[in-house]
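Trainee: Below, each chain spelled out in residue letters.
There are 2 protein chains.
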Amino acid sequence: MKPVDYRSSGVDIQEGDKAIALMKARVRKTFTKDVLSDLGHFGGLFRADFSHMKEPVLVASTDGVGTKLKVASMMGNYGTVGSDLVNHCVNDILVQGAVPLFFMDYIACGRLEALIAADIVSGLAAACSENGCVLLGGETAEMPGFYNEGDYDVAGTIVGLVEKEMIIDGSEIRPGMIVIGLPSNGLHTNGYSLARKVIFETAGLSPSDTHPLLGTGTVGEVLLSVHRSYLRYLEPLLREKLVKGMAHITGGGIPGNLSRVLPEGCGAHIRQLWSVPGIFELIRELGHVDISEMRKAFNMGAGMLLVVDENDKGRVMELLRMSGVEPFIAGEIICGDGITFED
Amino acid sequence: MKPVDYRSSGVDIQEGDKAIALMKARVRKTFTKDVLSDLGHFGGLFRADFSHMKEPVLVASTDGVGTKLKVASMMGNYGTVGSDLVNHCVNDILVQGAVPLFFMDYIACGRLEALIAADIVSGLAAACSENGCVLLGGETAEMPGFYNEGDYDVAGTIVGLVEKEMIIDGSEIRPGMIVIGLPSNGLHTNGYSLARKVIFETAGLSPSDTHPLLGTGTVGEVLLSVHRSYLRYLEPLLREKLVKGMAHITGGGIPGNLSRVLPEGCGAHIRQLWSVPGIFELIRELGHVDISEMRKAFNMGAGMLLVVDENDKGRVMELLRMSGVEPFIAGEIICGDGITFED
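Residue numbers (our numbering), protein chains in the order written: chain A, 1 to 343; chain B, 1001 to 1343.
Pulled out of the complex, with its shape left as it was, chain A reads as follows (with noise of 0.2 Å):
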């Protein structure tokens, strides 16, 4: 009988290391003077001197990519998901006021190639170095028989850091304050289910096809649009304690996410006059997808939503405009409660 070791068994401990050694230069790249640990420890070491701060709070949150991954493996580009994690990861805690320490991040799959971990870990740490955070470690797990052939897990957790006094809690909000919105650019990371089956499925689309809504690019090249980062545009705003609530239109649309920041009495009528992206309306056209359900499971165009008093709008629209995004007047906060639409 045939001895059975680990690499019949699927797990391939050489590819593994070889991965290791292919992330590496990418992965210090991203290191600042905070960082104690090297690569190959059991966990990374991040210095917390917050000795300059009155009541540091650590911010955490965890993401994944979603199905968008069915997207880039049917590209077979894997170079961008790890931007769209960690850049989807910055935008949910700066809605809470707080700047990113360090990424840590899980790939899984069901027999790891060195090469496409390698492409995954440097949109990675190309994005955490945008945004000025450290990838400070993760986990590469091969998990025969879990996924199929060339479909690879990405998720991660970001932790960050604000000052107690800067937390942005919505519960400043009032009637009559001002909703200001930022262009997406694109479906970022939500969604991508139901835009796969209405453009895969239904049309009968591929990733290479062009299409009169989209511009130039092809279908696939639309879909992998990097999920920004609102960090640079927001930051001015913060200092000066201009934003008092913020929502990242993710999962769930504006609907499920601008109201977790209303406090009790608010509510918020959208006037959707900004220029939505035309993957949205193709999605909509091909699909025939009910208006409302477009609008809970994609962001429609706007990524970040602001609110902030009436009397700031003009400041903050200038602050916005010099760093470098273009805001639009999406709605106000109403008395009431729930969030109301008009076309």
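In case anyone wonders, no lab produced these hints; they're calculated from the structure.
From a predicted model like this one, the values you see are computed outputs, not experimental measurements.
C-beta atoms are modelled at their ideal positions from N, C-alpha and C, and glycine is treated no differently.
Keep in mind that a hint or two might mislead.
[As the list claims (entries may be wrong)] Pair by pair, the computed Cβ-Cβ distance ranges are:
(1) B:M1166 <-> A:D209: 52 to 62 Å
(2) B:P1175 <-> A:N148: 47 to 57 Å
(3) A:E326 <-> B:S1008: 32 to 42 Å
(4) B:R1232 <-> A:M166: 48 to 58 Å
(5) A:S323 <-> B:Q1014: 37 to 47 Å
(6) B:T1210 <-> A:M166: 24 to 34 Å
(7) A:R7 <-> B:L1022: 35 to 45 Å
(8) B:E1130 <-> A:E326: 47 to 57 Å
(9) A:R232 <-> B:K1033: 31 to 41 Å
(10) B:M1053 <-> A:G145: 36 to 46 Å
[As the list claims (entries may be wrong)] Rough simulated footprint, nothing fancy, chain B against chain A, three-plus residues with beta-carbon under 8 Å:
(11) 63-73
(12) 90-100
(13) 190-201
(14) 208-220
[To be verified] For lysine to aspartate or glutamate, the following DMTMM-like pairs were computed, each having C-alpha atoms within a straight-line distance of at most 20 Å:
(15) A:K54 <-> B:D1034
(16) B:K1018 <-> B:E1130
(17) B:K1296 <-> A:E165
(18) A:K54 <-> B:D1049
(19) B:K1241 <-> B:E1055
(20) B:K1054 <-> B:E1130
(21) B:K1033 <-> A:E165
(22) B:K1296 <-> B:E1240
(23) A:K33 <-> B:E1055
(24) A:K296 <-> B:D1005
(25) A:K313 <-> A:E235
(26) B:K1054 <-> A:D49
(27) B:K1164 <-> A:D34
(28) A:K33 <-> B:E1163
(29) B:K1296 <-> A:D5
(30) A:K164 <-> B:D1034
(31) A:K164 <-> B:D1038
(32) B:K1164 <-> A:E149
(33) B:K1054 <-> A:E55
(34) A:K241 <-> A:D309
(35) B:K1296 <-> A:D12
(36) A:K241 <-> A:E310
(37) B:K1024 <-> B:E1130
(38) B:K1018 <-> B:D1038
(39) A:K296 <-> B:E1015
(40) B:K1164 <-> A:D49
Knowing the structure of chain A, use the given hints to seat chain B on it.
Mentor: Structure of chain B alone, referenced to chain A:
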């Protein structure tokens, strides 16, 4: 044409809401006064008041449960894999001298069943409470087409704290020091691809089978034995600075993990005289697995190794026994490099 909606694409937001409702009470039980957020916020808030420390350092580690999850799925028992994961992560930062602050989980599946997700979170929360760790947040992702029916992937990130001068990195290890082992509770969370192949494929056993080597438990029960946390046994030793190096024996076994903490010029000679749990004998027999292959894939009954000074051996053994664990001498540090074994 029938309009496409989110539910028909395989994502059921209502089932997700039900899962969250079931999890909430269990997660809140782990909360301490340092938690400043409730569930449902974008990120979890944790007070970082480290003013009682000289040079606080955060230690972070990410891991998954691996294909032990396949056994959980075969058994229809998802109540303990969460504890496996938390205890694994607790041990991973413990070897650097850190105690846990908080944990963030990631659960992914093809079709979410609220009761299963809640079971997984129960295990996470129970182990968090036992280890004095807050379950600060997490993500539950439904990814149609990514996972087989009944398969759940469970991963997470732990963040802990250590005083910089108390970090254990193995640099003080010298030839002549003693290697002390602490018993594992079985496979813990590693080697399951090999174990499953041997037990269920090669030998054709089923989870409900028994075997003389396993005592009274079934194959499935023994395979699901919970990964042991060594925190409470080792805290007294850490306070007295009695440990020069520690290795959590996970994937790679003793050769792969003990070598990670040995400084240049130091090797280890292991005398495997301790009692090896029956499950390892079973796998070796049924799969005709080579002993060196066994040692690379499994902990072989030693879940944690400590390196201590010869002069401290008596005190260390005494403290360990007082804490409720039965330690054993596993070997010694020698001049040279690499890990050698003597049966």
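Trainee: Under the criterion that the straight-line Cα-Cα distance not exceed 20 Å, is the pair K164 of chain A, D1034 of chain B satisfied?
Mentor: The hint holds at about 12 Å.
Trainee: Is 36 to 46 Å right for how far apart the beta carbons of M1053 of chain B and G145 of chain A are?
Mentor: holds, 45 Å
Trainee: Does K313 of chain A pair with E235 of chain A here, judged by a C-alpha cut-off of 20 Å?
Mentor: holds, 16 Å
Trainee: Measure nothing beyond the straight line between the CA atoms of K296 of chain A and D1005 of chain B; if it is 20 Å or shorter, mark the hint as holding.
Mentor: Holds. K296 of chain A to D1005 of chain B sits at ~10 Å (cutoff 20 Å).
Trainee: For the pair supplied as a hint, K1296 of chain B and D12 of chain A, confirm whether the alpha-carbon distance does not exceed 20 Å.
Mentor: Distance of about 12 Å is within 20 Å: holds.
Trainee: Check the following: the C-beta atoms of S323 of chain A and Q1014 of chain B are separated by a distance inside 37 to 47 Å.
Mentor: About 39 Å separates the Cβ atoms of S323 of chain A and Q1014 of chain B, which means 37 to 47 Å holds.
Trainee: Measure nothing beyond the straight line between the CA atoms of K1241 of chain B and E1055 of chain B; if it is 20 Å or shorter, mark the hint as holding.
Mentor: holds, 17 Å
Trainee: Three residues minimum, CB to CB under 8 Å: does the region 90-100 of chain A make the cut for coverage by chain B? Let me know.
Mentor: holds (count 5)
Trainee: Mind checking the alpha carbons of K1018 of chain B and D1038 of chain B for me, to see if they're no more than 20 Å apart?
Mentor: holds, 17 Å
Trainee: Would you check the hint for K1054 of chain B and E55 of chain A, treating anything up to 20 Å between C-alpha atoms as holding?
Mentor: Between K1054 of chain B and E55 of chain A the Cα gap is close to 17 Å, so the pair holds against 20 Å.
Trainee: Take a quick look at whether K1296 of chain B and D5 of chain A sit within 20 Å of each other, Cα to Cα.
Mentor: holds, 10 Å
Trainee: Next pair to validate is K1054 of chain B with E1130 of chain B; report whether the Cα-Cα distance is within 20 Å.
Mentor: violated, 27 Å
Checked against the numbered hints given earlier, the structure breaks hints 4, 6, 14, 16, 17, 20, 22, 32 and satisfies all the rest.
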